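Undergrad: Sequence:
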Amino acid sequence: MAGETIITIAGNLTRDPEVRTTSSNKAVANFSIAASTRAYNRDTGQWEDGDTLFMNCSAWGELANHIAASLAKGMRVIAQGRLHQRSYQAKDGTQRTVVEMTVDEIGPSLRLATAQVHRAQRNNGGYPPQQGTGGFGQQPAQPPQQNATSDPWGAPAANTANGGFGGFGTTAPEPEF
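Using the working numbering, the first residue of the sequence shown is number 1, and each one after it goes up by one.
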C-alpha cells in the first residue's frame with residue numbers, strides 16, 4: 001500500500017513468539033525485538049551500548065506458524081515489515097499511542113550463528129497439486145535429461161596440472177600479435 005513505512009530491524013527476540021488464532025481462524029504471532037546500537041568510544045577504547053529500541057511485532061497466516069516453529073527468545077533475527085501507529089485507551093483511562101511492526105519477512109541472523117532451512121510444504125493456494133503438468137498446466141512436463149553432456153557441472157574438472165582455469169596461468173608461450 002502506498003505511503004506505508006517499511007523498515008528492517010536486526011535485534012534479539014525478547015520473548016518466545018506467542019501464536020493465537022483469530023475468530024476468523026487466521027493465525028497471528030506476537031513477539032518483540034530489541035535492537036541496540038553499539039559505538040566504539042575512542043577515548044576509553046571500549047565498545048559502548050547505545051539506546052535500545054523495543055519493537056512490538058506481529059505476523060499473520062503461515063508466517064506466524066513458521067515463526068513459532070523456528071524462533072525463540074534470545075535469538076538474533078532480521079525482520080522487515082510495515083510500521084503502524086495505533087491509539088487505544090489504557091485501563092487507567094488515559095489515551096496511549098503505540099508504534100508496531102507487521103512483519104512481512106523474518107529470519108535468523110547468521111552473523112553469529114548457523115541455520116538449516118527446511119522449505120515448508122505449500123498446498124497450492126488450497127487446490128490439490130497438479131500432477132505431470134508443465135508451464136500453466138497445458139503440456140505434460142518432461143523429466144529432466146540426466147546425461148553428462150547436458151550438465152555442465154557433471155563434467156569432470158579441467159586439467160589443473162598447468163594452472164587450471166582452462167589453461168589460465170600456464171607456462172605455455174604467449175601468442176604472437
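Hints are computed from structural coordinates only; laboratory data are not their basis. One should not assume that every hint holds.
Said to hold, decoys possible - Here are the simulated lysine to aspartate or glutamate pairs, EDC-like style, with alpha carbons at most 20 Å apart:
| # | residue 1 | residue 2 |
| --- | --- | --- |
| 1 | Lys73 | Glu48 |
| 2 | Lys73 | Glu4 |
| 3 | Lys26 | Glu105 |
Said to hold, decoys possible - Using C-beta positions, here's what the derived DEER-type ranges look like:
| # | residue 1 | residue 2 | range |
| --- | --- | --- | --- |
| 4 | Asp49 | Gln116 | 49 to 59 Å |
| 5 | His118 | Thr97 | 19 to 29 Å |
| 6 | Arg122 | Gly50 | 35 to 45 Å |
| 7 | Ala113 | Tyr88 | 33 to 43 Å |
| 8 | Asn65 | Asp43 | 46 to 56 Å |
| 9 | Ser87 | Arg15 | 18 to 28 Å |
| 10 | Arg111 | Thr5 | 52 to 62 Å |
| 11 | Thr114 | Ser36 | 35 to 45 Å |
For clarity, every value in this text was computed on a predicted model and none was experimentally measured. Note that CB positions come from ideal geometry on N, CA and C, so glycine has one too.
Undergrad: For each hint, tell me whether it holds in the structure or not.
TA: Evaluation of the provided hints:
no. : hint                         : in the structure
1   : Lys73 <-> Glu48              : 23 Å, violated
2   : Lys73 <-> Glu4               : 28 Å, violated
3   : Lys26 <-> Glu105             : 18 Å, holds
4   : Asp49 <-> Gln116: 49 to 59 Å : 31 Å, violated
5   : His118 <-> Thr97: 19 to 29 Å : 39 Å, violated
6   : Arg122 <-> Gly50: 35 to 45 Å : 41 Å, holds
7   : Ala113 <-> Tyr88: 33 to 43 Å : 36 Å, holds
8   : Asn65 <-> Asp43: 46 to 56 Å  : 49 Å, holds
9   : Ser87 <-> Arg15: 18 to 28 Å  : 24 Å, holds
10  : Arg111 <-> Thr5: 52 to 62 Å  : 25 Å, violated
11  : Thr114 <-> Ser36: 35 to 45 Å : 23 Å, violated
This entry does not satisfy hints 1, 2, 4, 5, 10, 11, going by the numbered hints stated previously.
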